[in-house]
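Chemist: Sequence:
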Amino acid sequence: MKGAAEIIRSLETAEINRVKVELSKVLPEIYVGDTVRVGVRIKEGAKERVQPYEGTVIAMRNGGINETITVRRVFQGVGVERVFLIHSPRIATVQVMRRGKVRRAKLYYLRDRVGKATRVKQRFDRSL
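If you read the sequence shown in the working numbering, its first letter stands for residue 68, the second for the next number, and so on.
Please note that a few of the clues may not be correct.
[Said to hold, decoys possible] Here are the computed distance ranges between Cβ atoms for each label pair:
#1 E79 x R186: 33 to 41 Å
#2 S77 x Y175: 28 to 36 Å
#3 S155 x Y176: 24 to 32 Å
#4 V181 x G112: 36 to 44 Å
#5 M164 x A71: 36 to 44 Å
#6 A72 x K92: 39 to 47 Å
#7 D192 x N84: 28 to 36 Å
#8 E115 x G70: 40 to 48 Å
[Claimed, not checked] Here are the simulated DSS-like pairs of lysine-lysine, each with C-alpha atoms no more than 30 Å apart in a straight line:
#9 K87 x K110
#10 K87 x K173
#11 K168 x K87
#12 K183 x K168
#13 K69 x K110
#14 K188 x K92
#15 K188 x K69
#16 K92 x K114
#17 K188 x K168
#18 K69 x K87
#19 K173 x K188
#20 K183 x K92
#21 K173 x K183
#22 K110 x K92
Calculated from the structure, these hints are not laboratory results.
The beta-carbon is built from N, C-alpha and C at its ideal position, and this holds for glycine as well.
Let's have the full structure, built from the sequences with the hints guiding it.
Modeler: Here it is, written out as structure tokens:
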């Protein structure tokens with residue numbers, strides 16, 4: 068007899084595999100501190116286009132089908148953060164632009180920093 072957690076985990080993995088096949092989406096290994104370019108599907112009237120959103124991953128939450136990443140960028144002098152549900156059909160692509168070398172699981176301290184202080188050192192021991 069399977070436990071409830073095992074049943075839920077098996078359903079989640081089946082759903083993740085279905086979404087990957089349906090959307091032919093290949094997700095790279097994403098870590099906190101990485102600079103990523105997320106292709107977001109945007110619907111304008113009858114047309115649909117993919118708009119890139121590039122920024123630093125400052126947090127990752129949950130796991131399985133509910134996995135989310137929080138991406139922060141500075142746009143026109145204002146910090147903008149967006150939370151992306153990784154396995155959502157709204158997300159077309161996720162591309163790692165550079166790896167970041169950080170010592171924290173959450174980079175919320177970047178919110179208080181301005182200018183060059185927000186830079187994260189690059190990490191070369193992980194491949195893109």
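Chemist: Which numbered hints turn out to be false for this structure?
Modeler: 6, 13, 15, 20
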